[in-house]
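Using the hints provided, position chain B with the ligand relative to the given structure of chain A.
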Amino acid sequence: MSGQHPLREADLIYCYDGSLAGFFSCVFESFARRELPFAIWPPEEEQPSLCPVQEIPTDPGRAGRVRRGIREKLGPAAAKTAAIGFLSGQPDKELALLRYLHLGFGEGPGALKQLGRPEVAEALGLVRSVEWEAEKYRGFVRFEESGGMLGAVIHPKNHVLPLLRPFFCARLGGEDFLIYDAAHKEVLLHQAGKTRLEQVTAPLSLPEPDAAESEYQQLWKQFYETLAIAGRRNDRCRMTHCPKRFWADLTELRDQV
Amino acid sequence: MEQSVMEKLTILADSAKYDVACTSSGSGRRSRAGGLGSCYAPGCCHAFTADGRCVSLLKVLMTNCCSFDCAYCVNRRSNDLPRATFTPRELADLTIAFYRRNYIEGLFLSSAVLGTADYTTERMIEVLRLLREEYGFHGYIHAKAIPGTSPALIQRLGCLADRLSVNIELPSESSLHLLAPDKGRREILRPMGQIAAAAAASREELTLYRHAPAFAPAGQSTQMIVGATPETDYQILRLTEGLYHKYSLKRVFYSAYIPVAEDSRLPALDTKPPLVREHRLYQADWLLRFYQFRAEEILDQSSPYFSPYLDPKCGWAVRHLELFPVDVNRAPYEMLLRVPGIGVKSAQRIRTARRQGTLGLEELKRMGVVLKRAQYFITCRGFTGASGGRGSARRQQIARALIDPGVFNAGCEQLSLFSAPAVQQLAAQGTPPRLAGRLVQEEAVQCLANTL
Ligand code: SF4
Chain A
1 MSGQHPLREA DLIYCYDGSL AGFFSCVFES FARRELPFAI WPPEEEQPSL
51 CPVQEIPTDP GRAGRVRRGI REKLGPAAAK TAAIGFLSGQ PDKELALLRY
101 LHLGFGEGPG ALKQLGRPEV AEALGLVRSV EWEAEKYRGF VRFEESGGML
151 GAVIHPKNHV LPLLRPFFCA RLGGEDFLIY DAAHKEVLLH QAGKTRLEQV
201 TAPLSLPEPD AAESEYQQLW KQFYETLAIA GRRNDRCRMT HCPKRFWADL
251 TELRDQV
Chain B
1 MEQSVMEKLT ILADSAKYDV ACTSSGSGRR SRAGGLGSCY APGCCHAFTA
51 DGRCVSLLKV LMTNCCSFDC AYCVNRRSND LPRATFTPRE LADLTIAFYR
101 RNYIEGLFLS SAVLGTADYT TERMIEVLRL LREEYGFHGY IHAKAIPGTS
151 PALIQRLGCL ADRLSVNIEL PSESSLHLLA PDKGRREILR PMGQIAAAAA
201 ASREELTLYR HAPAFAPAGQ STQMIVGATP ETDYQILRLT EGLYHKYSLK
251 RVFYSAYIPV AEDSRLPALD TKPPLVREHR LYQADWLLRF YQFRAEEILD
301 QSSPYFSPYL DPKCGWAVRH LELFPVDVNR APYEMLLRVP GIGVKSAQRI
351 RTARRQGTLG LEELKRMGVV LKRAQYFITC RGFTGASGGR GSARRQQIAR
401 ALIDPGVFNA GCEQLSLFSA PAVQQLAAQG TPPRLAGRLV QEEAVQCLAN
451 TL
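Protein chains in written order, with this note's numbering: chain A, 1 to 257; chain B, 1 to 452.
Derived by calculation from the structure, the hints in this document are not laboratory data.
There may be inaccurate statements among the hints.
Claimed, not checked - Here are a few chain B residues that face chain A, going by a calculated C-beta distance under 8 angstroms:
1) V5
2) A13
3) C45
4) H46
5) T49
6) G52
7) V55
8) R100
9) L130
10) Y244
11) K246
12) M367
13) L417
Said to hold, decoys possible - With a straight-line cut-off of 30 angstroms between C-alpha atoms, the simulated DSSO-like cross-links for lysine-lysine are:
14) A:K221 x B:K272
15) A:K221 x A:K244
16) A:K244 x B:K246
17) B:K17 x A:K221
18) A:K194 x A:K244
19) B:K345 x A:K113
20) A:K194 x A:K80
21) B:K17 x A:K73
22) A:K244 x A:K157
23) B:K365 x A:K113
24) B:K345 x A:K157
25) A:K136 x B:K17
26) A:K244 x B:K372
27) B:K365 x A:K73
28) A:K244 x A:K185
29) B:K17 x B:K246
30) B:K246 x A:K136
31) B:K272 x B:K17
32) A:K185 x A:K113
33) B:K345 x A:K136
34) B:K345 x A:K244
35) A:K157 x A:K185
To be verified - Have a look at the derived ranges for each label pair, beta carbon to beta carbon:
36) B:R89 x A:R254: 41 to 49 angstroms
37) B:A200 x A:A39: 42 to 50 angstroms
38) B:R89 x A:S205: 28 to 36 angstroms
39) A:A39 x B:L323: 43 to 51 angstroms
40) B:R294 x A:P76: 31 to 39 angstroms
No residue lacks a Cβ here, since even glycine has one placed at the ideal position from N, Cα and C.
Looking at chain A on its own, in the form it has when it is part of the complex (with noise of 0.2 angstroms):
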């Protein structure tokens, strides 16, 4: 892959299936075809459009190319920066991140460290995005215990489950437990020792909590309640730290919603 011959702006928008092999198998075309689609649309997205929409097959072959080409020609920090970036929420990611492989492709590794650059300024923002909310998660996932088994419900707005894999499983590694990110519908699930994560299709809910796992709740909730300093009360820097989209998974929090 290279970009000798200038990029073509296509008024065409690539479907893909969603995945991050999916979506290398779309750069993979795009650098084929040297032409920047208008969108590049996961299945979800799809909608009535202006634009005609080029159903991009997922190829393994191709996306392995693709990956080995960043790996070996752009670098290990442009590996992570798609790789978590892809990660992300936001809407248009597959766009920018696309823009930034083709600057490096075209421009060589170097261009990718100009972080002043609008295609690298925008991918770098979208991996800081993702990294600060899955560090947010690392210490807001709240677990409950049911039957020796310890179960969390998350709503992020990046798939950061990826993300929070190695800690939890670190953490917890002797334990039974599972966090289901309800916003993707994507669960995490590590049990006797082995870690699966995979995509659901009917909501999971956690059962009821018992006696006993009420009881510590409860302990939590005065432990924290007890922490705050009456006349230091700064709802602001609160809420800075710890934004109201949190609450509702948060086990001191969530009757404040």
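Just chain B with the ligand now, kept in the frame of chain A:
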């Protein structure tokens, strides 16, 4: 009647809460197969209190029954308040239950002096032993060493904890003597020295034998109370700098004194906790640790107090206007760090990006560099600096950008505790808080503008 765990937790969390904010982390401990917990290096906030502080650890006292009588402390022997004591098992169980639910990153265990220092420490050790040995807990543990504890017990505590701390309590010997008659400076510094030496020895052993037991791998920290005694900011900062060097401390924490008792040796009960001062100390401490500043660059004998209106880095820059503006495409990294408004992350991004081509304002903005204050101190491609100095309107504009907007009670009908002392004074004399904030802000702007 036996107290319930709920009652104990309420009392013992309450007693511990005035202890500084967020103190997690510092060590990356790898989890072991089948065990519970890992220690996560950057520190992780699990919740934020209504006042906006990070909750990272289960921070409680083992007991608040104290045989000492430190004047500044709510738990002092002579104070009448509800008392409680956890059994080691109760506390270990609670820690595990909270940790498994991801409420916390670990345990921060402190204690009042139950009988003797050694007896108290033995009970603390028992909690840690249960956690580490019986429950196989690898999460983070920060334990406070009680002044006067015998060296052998400190050694044992350090082998179980990730971080140890000894509170220096007050910034000078004479203050300590006056207010904490049961504790001597030596009693505090001896364990500090012991911890520093043991940690250094253990690091050395670890390089030789990978499985040598680690002694407080996250290092030690300390804490002091600010505003109960007459030390200046400069004295406190010098002390801090000395502690970082001499005892290789990882952190020094400051806590604004909140009056707890009518006592002629202490500030009056209606004194407001000096939160702005505490905040400035943390900022200056940050400059010492991450921005390569020395204490005497920040303050000195002739100006020993922080300005309530300027953060210390800005304060330094206005006193050194002759060094600015700097060219972001050329200035050494150390100098970038000294530009008001440019933090470590921005400076690093600039350093990376400028290797690939010269930067202009547009690039800086896209990289996330905040220019509100920085614009007066930098030049870059196509930009010769918004540095002012001519015309009083211009100077005022700069001053307005530089002063810290957080301390003027902005837009609040109620007086915020974070407002500058002058705002609080005006408000106490009957000026409505919002107006008081605006008046003081104008005055601060004028005053700063005149010096530019
Ligand atoms: S020894 Fe500690 S708990 Fe006891 S009175 Fe002094 S400061 Fe308070």
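Hint-by-hint comparison with the structure:
1. V5: holds, 7 angstroms
2. A13: holds, 5 angstroms
3. C45: OK, holds: B:C45 within 8 angstroms of chain A, min 5 angstroms.
4. H46: holds, 4 angstroms
5. T49: holds, 4 angstroms
6. G52: holds, 3 angstroms
7. V55: At about 6 angstroms, which falls below the 8 angstroms cut-off, the nearest Cβ of chain A leaves the hint on B:V55 intact, so it holds.
8. R100: Cβ of B:R100 sits 6 angstroms from chain A, so the hint holds.
9. L130: Where the cut-off is 8 angstroms and the nearest Cβ of chain A is about 17 angstroms from B:L130, the hint is violated.
10. Y244: violated, 27 angstroms
11. K246: Status violated, d = 33 angstroms.
12. M367: This interface hint holds because 4 angstroms falls under the 8 angstroms limit.
13. L417: With a closest approach of 6 angstroms, the B:L417 hint holds.
14. A:K221 x B:K272: Holds. A:K221 to B:K272 sits at ~29 angstroms (cutoff 30 angstroms).
15. A:K221 x A:K244: It holds: about 17 angstroms lies between the C-alpha atoms, which stays within 30 angstroms.
16. A:K244 x B:K246: violated, 44 angstroms
17. B:K17 x A:K221: holds, 15 angstroms
18. A:K194 x A:K244: The hint is violated at about 34 angstroms.
19. B:K345 x A:K113: Answer holds: B:K345 to A:K113 is near 15 angstroms, not above 30 angstroms.
20. A:K194 x A:K80: holds, 25 angstroms
21. B:K17 x A:K73: Violated, at roughly 53 angstroms.
22. A:K244 x A:K157: holds, 13 angstroms
23. B:K365 x A:K113: Given that 30 angstroms is the threshold and the Cα spacing comes to 15 angstroms, the pair holds.
24. B:K345 x A:K157: holds, 25 angstroms
25. A:K136 x B:K17: Holds, at about 23 angstroms.
26. A:K244 x B:K372: holds, 28 angstroms
27. B:K365 x A:K73: holds, 28 angstroms
28. A:K244 x A:K185: Holds: A:K244 and A:K185 sit about 21 angstroms apart, inside 30 angstroms.
29. B:K17 x B:K246: holds, 29 angstroms
30. B:K246 x A:K136: violated, 36 angstroms
31. B:K272 x B:K17: holds, 18 angstroms
32. A:K185 x A:K113: The hint is violated at about 35 angstroms.
33. B:K345 x A:K136: holds, 19 angstroms
34. B:K345 x A:K244: holds, 27 angstroms
35. A:K157 x A:K185: Within the cut-off at roughly 12 angstroms; holds.
36. B:R89 x A:R254: 41 to 49 angstroms: Since the Cβ atoms of B:R89 and A:R254 sit about 30 angstroms apart, the hinted range of 41 to 49 angstroms is violated.
37. B:A200 x A:A39: 42 to 50 angstroms: violated, 59 angstroms
38. B:R89 x A:S205: 28 to 36 angstroms: holds, 35 angstroms
39. A:A39 x B:L323: 43 to 51 angstroms: holds, 49 angstroms
40. B:R294 x A:P76: 31 to 39 angstroms: Given a distance of about 38 angstroms, which is inside 31 to 39 angstroms, the answer is holds.
The structure does not agree with the numbered hints 9, 10, 11, 16, 18, 21, 30, 32, 36, 37 stated previously, though it agrees with the rest.
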